[in-house]
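Given next are the chains, with one letter for each unit.
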Amino acid sequence: MAEIVIKNVAKSFGSFKALHSIDLTISDQEFMVLLGASGCGKTTLLRIVAGLETPTQGEVWIGGRRVDHLPPRERGIAMVFQNYAVFPHLTVFENIAFGLRMKKLPQAEIDGRVTRTAELMHIEQLLKRYSGQLSGGQRQRVAVARALAMEPDVILMDEPLSNLDALLRLEMRAELKGVLAASKTTTIYVTHDQVEAMSLADRISVMNQGRIVQAATPVEVYRNPAARFVGSFIGNPPMNFIPATREGEGRWNVAGITVEGPDAGRERLDFAIRPEDVDIAPGGLKATARVVEPLGAHTLVTTEVNGAMFRAVLDSDIRVSPGDELSLVPKPDRVRWFDPETTAAV
Amino acid sequence: MTPRFLPYALLLPATLFLLVFFLYPFVQIAVLAFSGPEGFTLQHVQTMTSHWKFGTALTNTIVLAAIVVPIQLVMALSMASIVTKLKTGRSAILYIFTIPLGLSDLAAGIIWLAIFEQSGFLNSVLYGLGIIEQPILFLGYQNIWVIFLAVILAEVWRATAIVMVILVSGMGLIPREYYEAAEVFGASPWKRFVKITLPMLRPSLQSALILRTLAAFEVFAVVVALGGTTLPVLMGETFQWQFALQDRNVASAYALVILAISIASTLFFLRVLRVPKEARI
Ligand SMILES: Nc1ncnc2c1ncn2[C@@H]1O[C@H](COP(=O)(O)OP(=O)(O)O)[C@@H](O)[C@H]1O
Ligand SMILES: [Mg+2]
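Top line first, the protein sequences correspond to chains E and C.
Under our numbering, think of the first position of the first sequence as 2, with each following residue one higher.
Under our numbering, think of the first position of the second sequence as 1065, with each following residue one higher.
Please keep in mind that the hints were generated in silico from the structure rather than gathered at the bench.
Given the structure is predicted, the values throughout are model-derived calculations rather than measurements.
Glycine included, every Cβ here is placed at the ideal spot set by N, Cα and C.
It is possible that part of the hints are untrue.
What the hints assert, rightly or not - Below, simulated EDC-like cross-link-like pairs (lysine to aspartate or glutamate); rule was C-alpha separation at most 16 Å, straight line:
1. K129(E) / E1342(C)
2. K1255(C) / E95(E)
3. K129(E) / D112(E)
4. K1149(C) / E1244(C)
5. K185(E) / D154(E)
6. K105(E) / E120(E)
7. K1255(C) / E75(E)
As the list claims (entries may be wrong) - Just a sample of chain E residues kept apart from chain C, beta carbon distances all over 10 Å, derived:
8. F17
9. D24
10. I78
11. F94
12. Q134
13. R212
14. I243
15. E294
16. E305
17. D318
18. S322
19. D334
20. D340
For reference, chain E alone in the conformation it holds in the complex (with noise of 0.2 Å):
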């Protein structure tokens, strides 16, 4: 059982702060994946958790035990590194077994569990090599094998994917993923690819800033974003903002059209819509077709709404050309709103 719990958790780096009162919970054997843009503080944050990094102020508490004095090694943690950080004067085998070593254990067990974790990363065939003598993406399974083998209850990774290729990218995803369900250990894991965040997290913190700004599902994160900078930085092409102003009770000005919204008692509010939310159809938006790339299963065409960028996701059917006028029906249940003040869903 491992529930970490990060409590109004902030970090300066002299006058300058990192991160901005962190509250987050990760229950036992969930997988967390903190996302956001380069510099936002997840390496930070997750390196306090680690013990590598002091928080400024605030407290950490893994299962149970509050962890923010203690020294990584008596934290019950295991971590894989962005650069992998396999020792380079040891041969794969005693990689893995170096944080059994240091627990002491007897050579039987750190033989099975070198073996077993080995297998389970297929890389038993090089348990002799040094790391110079292995390719990144097989530098990457040692790191993951290291830290499994620790049986920890908490593994924490940075961006452990990012300096493979795209190909083994997909391929080592789908394979973390598969390897840690099973491990049942609590995961946290930092990356700025939102696809890699969807596709691995139970829950996704969406960070911009040094802040937490959602903590939810994937598919709520995408869905129903809680500010609007969620909503631009997840989804690829990203959502769509209109400003709108208030017509009467519930009716709202977007772009010349009426749309139902909420009655917040304000004048003035931004809706919201995602590109793949909207259908060709008469009494919509209306658009003027800038761009258009047929993608396949669908074209993304990027128009101009009232002289600002729009974009919409359509069915590869439809024929559109550069210049045409569209009329673009939004979802009614998929349209968001958010205060154009605190940015904040409404």
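For this one, chain E is given, so just place chain C with the ligands on it according to the hints.
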């Protein structure tokens, strides 16, 4: 000229310089050591080995190196580990530690002589504190071990910094991520030193040890300053035969002995601290 040969062409002057100023005198010394009026002879080597001071000089030199170098290694490793962890004031500390490097070995010997001699600093302090009634002759031939100790002190004081500087730069080359990985996987600070620092420091340890050991075999000025000829060492004997006894042949034989133990120790360190190609960073 094709780019392939350019590096060799650039190295040529230095190589020639080495050949002319190292290999040539070396050959000359070898010739001197082994030739007499009738061509090849072991006469000079026999003169050297049968002289009563030879065994003592050889033993003293090796024992001195065997004591001084490990002490310097341990001290330099500890100092380098501490200096590497410093966040501020690192260069200031490095400068202070390296001050003795700016002194010649003779100057260092004289400084320590000023401490140990009969009217020296140590005697004044002991006398001033009332611990002794009258100055003690520390560096006399009756207590050769004091001379020995003084030489060790002077050598450690003088030349530990060079080892430290090499190790500090070597430690700087070890990526921090390895330490963090070791830390996460359960290594205490001592274990990290043994399991990460030492093995990954092998190339620097090798350079430092070879440099220091060779220099230790050539110890001379410090010994002369502190002990005159009371404590014979190989280099001192070479000097004696060359200039006092005016026998260049035996002096050359001595020089060859120093060269031989230097090569042997170099090969030893190259072998013991070798990093297999596949295990390099
Ligand atoms: N040791 C450090 N000293 C100073 N600033 C740091 C340090 N580590 C991280 N930062 C800063 O903190 C911010 C967050 O960094 P990081 O957590 O590495 O971001 P991410 O992993 O999300 O890309 C960045 O702006 C980075 O420059
Ligand atoms: Mg990072």
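- If any of the earlier hints don't hold here, list their numbers in rising order. 6, 10 and 12
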